[in-house]
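My request is simple: use the sequences and hints to build the entire structure.
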Amino acid sequence: MLYRETGQFKTTYAADMAVFPLRQDRIGLAVILAAALTLPFVAGEYMLSAVMIPLLIFALATIGLNLLVGYTGLLSLGTAGFMGVGAYACYKLTTFFPDVNIVVWILVSGFFSAGVGALFGLPSLRIKGFYLAVATLAAQFFLQWCFTRIPWLYNNNISGAIEVPGRTLFGEFVTGPNASAEMRYLVVLAVVALLTWIASNLVHGRIGRSWMAVRDMDIAAELIGIRLLPTKLLAFAVSSFYCGVAGALMVFLWYGSAEPEVFSINQSFLILFMVIIGGLGSLIGSFFGAALIYVLPIALKAVPPLFGLSIAAATVEHMTFMIVGALIIGFLIAEPHGLARLWQTGKQKLRTWPFPY
Amino acid sequence: MTILYAIFVDPFVQMAGAPDLLVQALWDGLVSGVLYALIALGFVLIFKASGVFNFAQGIMVVFAALTLVGLHEKGVPAFLALALTVAVMFVLAVGVERVVLRPLVNQPDIILFIATFGLTYFLIGFGELIFGGNPKAMITDQLFLPRGVVDVPMLGGMVSFQKIDIAAAIIASLMVAGLAVFFQNTRIGRALRAVADSHKAALSVGISLNQIWVIVWFAAGLVALAAGIMWGARSEVSFALEIIALKALPVLVLGGLTSVPGAIIGGLIIGVGEKLGEFYWGPLVGGGIESWLAYFIALAVLLVRPQGLFGEKIIERI
Amino acid sequence: MTAEPPPGDTFAKLLQHHAAVRGQRPAFRHKDRGIWQTWTWAEVHESTRAYAVGLARLGLKRGDRIAVVGSNRPRLYWTFLAAQSLGAVPVPVYSDAVADELAHVLAHAEVRFAVAQDQEQVDKVLAVQARLAQLEQVVYDEPRGLRDYDRGRLHAIDDVIAAGRRALAEETDATAWLDGEIASGSGRDASIILYTSGTTGRSKGVVLAAGRCIAAAADTVVFDRLSEKDEALAYLPLAWVGDHYLNFAQALVAGFCLACPESPDTVEQDLREIGPTFYFAPPRVFENLLTRVMIRMEDAGALKQRLFHYFIGVAKRYGEAILDGRPVPAGARLLYGAGALLVYAPLKNMLGLSRVRTAYTAGEAVGPDLFSFYRSLGLNLKQLYGQTEAFLYVTAQPDGGVRADTVGPPAPNVAIRIADSGEVQFKSPGMFVEYFKDAEKTAEAMTPDGFIRTGDAGVFEPDGQLKIIDRAKDVGRLAGGALFAPKYLENKLKFFPNIKEAVTFGDGRDFVACFVNIDLTAVGNWAERNNIVYGSYQELAGHPLVYDMIGEHIAETNRALAREPAMAAAQIRRFLILHKELDADDGELTRTQKVRRNVVAERYQPLIAALFAGDAAADIATEVTFEDGRKGMLSARVAIRDAAATPTPAPVLEAAA
Amino acid sequence: MNGPGPNETAMRKAEPRAERADGAPSAPPGRSTGEVLLAVENVSLRFGGVKAISDVSFDIRKGEVRAIIGPNGAGKTSMLNVINGFYHPQDGRITFKGETRSKMRPSVAAAQGIARTFQNVALFKGMTTLDNIMTGRALKMRRGFFWQLWRHGPAMAEEVEHRKFVEEIIDFLDIEAVRKVPVGKLPYGLQKRVELGRALAMEPELLLLDEPMAGMNLEEKEDMCRFILDVNNEFGTTVALIEHDMGVVMDLSDRVVVLEYGRKIADGTPDEVKRDQKVIDAYLGVAH
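Residue numbers (full-length UniProt numbering), protein chains in the order written: chain A, 1 to 357; chain B, 1 to 318; chain D, 1 to 657; chain P, 1 to 288.
For the record, the hints were derived by calculation from the structure and aren't laboratory data. Hints are all accurate, no fakes.
Keeping only pairs whose Cα atoms sit at most 25 Å apart, straight-line, the calculated DSS-like set for lysine-lysine is:
| # | chain 1 | residue 1 | chain 2 | residue 2 |
| --- | --- | --- | --- | --- |
| 1 | P | K103 | A | K128 |
| 2 | D | K473 | D | K441 |
| 3 | A | K10 | P | K180 |
Derived Cβ-Cβ restraints for the label pairs, each shown as a range:
| # | chain 1 | residue 1 | chain 2 | residue 2 | range |
| --- | --- | --- | --- | --- | --- |
| 4 | D | E171 | P | K185 | 54 to 62 Å |
| 5 | A | A18 | P | G144 | 21 to 29 Å |
| 6 | D | P143 | A | K349 | 42 to 50 Å |
Chain A stretches covered by chain B per the calculated footprint, using a threshold of three residues with CB under 8 Å from any CB of chain B:
| # | region |
| --- | --- |
| 7 | 121-133 |
| 8 | 136-145 |
| 9 | 261-274 |
| 10 | 322-336 |
C-beta atoms are modelled at their ideal positions from N, C-alpha and C, and glycine is treated no differently.
Written out as structure tokens, the structure reads:
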């Protein structure tokens, strides 16, 4: 209904291979970006720091994992571990060189987790599928163990947690206690937008195709000249880079402080749910998955007070677990390909409106 | 040089020095190995029969134990509670088959794998809701499980064997033997293996897929209950158990996803390896390596044999 | 668009003008290799000059005829321009023409050169080579499969252009020589010969002069406010006057961009992509489009269907009024606005017609409800009446003055009169020079005082719009003296989606009877919904329930005819449904699907006799050519039915005119 | 050799290599320049106890269409896998373009110019036809990782350049209509064509075709034969062809090697092989 595709023809291959060939999609994207930018002036403190910032951060981590699971077909349960590496790397970097801009360190910390990710990606050449899940589980538990056992990582802080120092960007406090929610939100938004754009570029180009080739049939991929190990390692590295940056953002711009417990195995499961529910192999699906899995429990908690019935916090917590569990099963039955496929089908219906097909 | 010495030589010196401590560590390793094997067996059962990597097996252990203890707390006599728990596990098996498996029958494995995650979350929430979240003591004496310790002087020192551990080892071995016979010789066992190879083929020869899956999930439920009881007896019944259930993964992978003997031997290797590693090498790096050592052992083996110790060799046919 | 005279009296000069004035604007597009390859006016100008010199090097001289065979391709249009630059005369031929037809045209026009699109067309030309004494060179566009052919008299257009480019670059006088050739071209030169697929007998070569073509095109460019920003999709045959006027001539005058589709069967998709602002289609295309829209909507969900039909109803009531700018109640305008957002705009978008500012249809009468359906959606669809001999435009409906049953007032600078025989005669700026090598037929077609006989019978309505009744020579008289206009009756029958074609007989008879061809898609769909089983077209055509339905359609037509005093007596009394579709390959239709009456009358003589003898059924055996050219006999027993006629009141006294 | 099957005569009529429309002299069947492109020397391959290939030697000359035929299970596909470097033979050597090797990794074989299609289509189901063929260009695309991040500058220029090449292949194989359709949705015949397109995108010197016409109707077979012939004539690509349809083999190939139970039982021109008694026994089955 909203689409007017007539007259949108392509005269160059670059236009034909564009990520958003239709003008209406470009307009939609612009509207979303504009809304995201004006949000801080409109939304309240709670909305920003408890909903939007975490949602964007989880979306970034989901994109990272999606690059690995959705695009390259390599199952990983070590996402939280790699996020932890990013967080601690950023913490150490900013303690050694406090005057360097914090956003730089957040991005640089991604390279550290990329290195670690690639290291734990090495076994992916010989082992596949569930077996590979074990290799990444090894990474998860080993990293989690390091975060508690190596005091150097958290500057020998007796509580074992890292306290985020105050850092400024353009004169405004961005991290630490007196950083305003708006500033933190804008920084997170900028980083996530940039990295999503880069992920989109990667996925639509030569590298994305070789990843998908390895996912769909690695034998055929190898026979047409794609070297499996470099492709898989690159996938692990890029995916871990995204998780690392997400980890750094989580600690510096959301929690403000963090104990090792934050980067537990449950976090890895949570992000894996987001990828699956959002839709394997779809960037926009990652945003949907993160939104659904993260925002839903918050919404559920807000529901009972609306109806005036006061339920004990614990019960609500248990109910949330049950509902999330039931939802995951229900969702997989309804649409195994995730929210992205629902979005795609809806868009297709709009494009062929009023006709059915 | 001293580091190399500390890693490669010193632990063995200690082992020789205090053989009884070694035996004690070995015994503890064996017992936890047996319990890992029991949990892994639940995974293998379901994977062999339905090709589903049932991640919820871990939580089923906790859920079964919790149900047993919860019922007992609510005044139900021990053995009746046991029978009721078995019934609950059966209902769970039927529910899972009807709600989760049937609609997702020909979806790719990863979708079913994630569905079991959903089941895990559901069971956590449901279990906590009904029986409360705080840890509970296992009702060992009501079930006439032996208590106390047997101390055996050996090799110049004293090695203590928990009676409960002995009972656990015996029960586990009985279960394992029973399952092995069940798989190899009974009609249903063969049907299970047929279903595992190919759903379509099994259907074509008239094996009722739904029936098989209920049986398999029920059997896995029983194994989970047994594991829950044994594990609960050693520590206490709480949701922390779920993380320990994760340890079954390396056991499975080590032993090969589809072989029952593989699960047992894998369990023992991991159990012993972990205990020895923690006991002798742990202090070198600040202890607590038990949490990740199991995975590294499994990883090491996998790099040598990508299909695990007992799995069939994967031949790529194009 | 200023009305000053066009900057040149030949198309070659116009090209020079555009290259100078709007060199960087797109001139030609062609969907090829996945994207729309685009050439600007400057590029076209440069390539065409090189192409002209290349052709000259191969021996093309002023006055020579050069045949162009193929579907719409930029390079074939450039062949027109290159030939015209040298004063040679392009002769386009239908690409789906059978070898025999092709041979006749090429031989008659004594072409020395032939430009073919691809291997298929080259093979056709080579197959008839023996009968073309003057043919010297053959040039082709797409090289696919031609690698092993004999290189002697066969060249690729790219090679010709390259040779021309080398000559222009190296030889100093080549440029001057070419400019001289172009400059020496004048309005009086023959710019093109279009062979009309006349409904009777062999096709004739209509010679059109450059100056006249450009003058006519300039008038209509102003009439429809066409500018360089417009886009048109050239999908109709190159050899048809419609394509040459609307796409080639008007593009060269207005400077707008001409897009060529990827292949004849991707036209629908290419139409959607380009989204042309100027569009022409014969009524049959609009008919098929409407039928397919309705069939597709039947598969939509119940809610969507109800919404669709509700808003189509709203459009029926207010659509045309809004389009013509007539006053409409505010509430209705709001409702139409909602309809536009929900149904009309998306529908036009799906059909590729969203950006169309002016749409024309011509060639046959348009059904009133078909015509108003498209106008009610906001599509500015108008009618025009024209002929090859007039270089298309004779009449054209202006924006706002549009009616379904007329073809509009005379086009700009066109004089029209009705001869006493009822025949429409005209004199127009674009009228043709002569029939090539056929002075006798040229004299026949012209009146002593220089008017052209159209051969169509028509009458002027009070509002000055011409109404075409029928072919002049087909207009007859019933035995009782009443007027019998077969085409007029047939068009009324064909407005029903189920009737694809109809042929009426009545001249010199007591009453009117007719043949009917059912539309396989529409009737097949109707049969499916009413679960009527049929194995073949013939079986469906003979089905009694189909006869009832067609009978009902004829009864309804008779009721409409009864209301028109001149036509009341010509109601259709008896009819039969033909067992096979009339087909151009069997010679029963022309290339543009018009009925060849004498061929049908002579081949189905037994059936006509049975119609008027009152029989209940008749046997017929006809020769049929199958798709791969083999001939076969098809015999059938065809049922004949009476149709319900509406008794006409006593002839009402004519009010004093 | 069973008699000429119905499709054999149809094949001969549909694609006569000899005559052209206007009688121009056609290229002699198989312009093999005699220079050996690939030599297989005494190759043996065993899976555990199973001897898939035992001591087979033959060569493929540059520019020729070499057929490998034999009853099912004769080791034909295994031989291709060895040439491709997918299986490593226990003994024997393979010389490709003068370079001898016994253990080769598939990606290296691809880099040297060996392309391959599979018996039961191995396309990337998650991608469209265009992406599948573009992936075939993986070897030729050089733009580094950091340019890919930015995509718009040189990386896009490289994509466009390779897209043009792929469009030529799409036009050559007449699959323009399904350019943006996910390959999973295509009918079998079209999938085979897309796979051939992907192999051609690698601009191979040696093209290994594993039963390219399995499961195709007559018309699709004729098209595929025309494509293979055009590839051989126009691009000069050497073709190694595994095919069961004797009509196709006789029509397309210059020389034929016959395998049975992993052993070579005949090697020569189609006519020689057709009369060879051992080959007839292999196909008609004689008690060994």
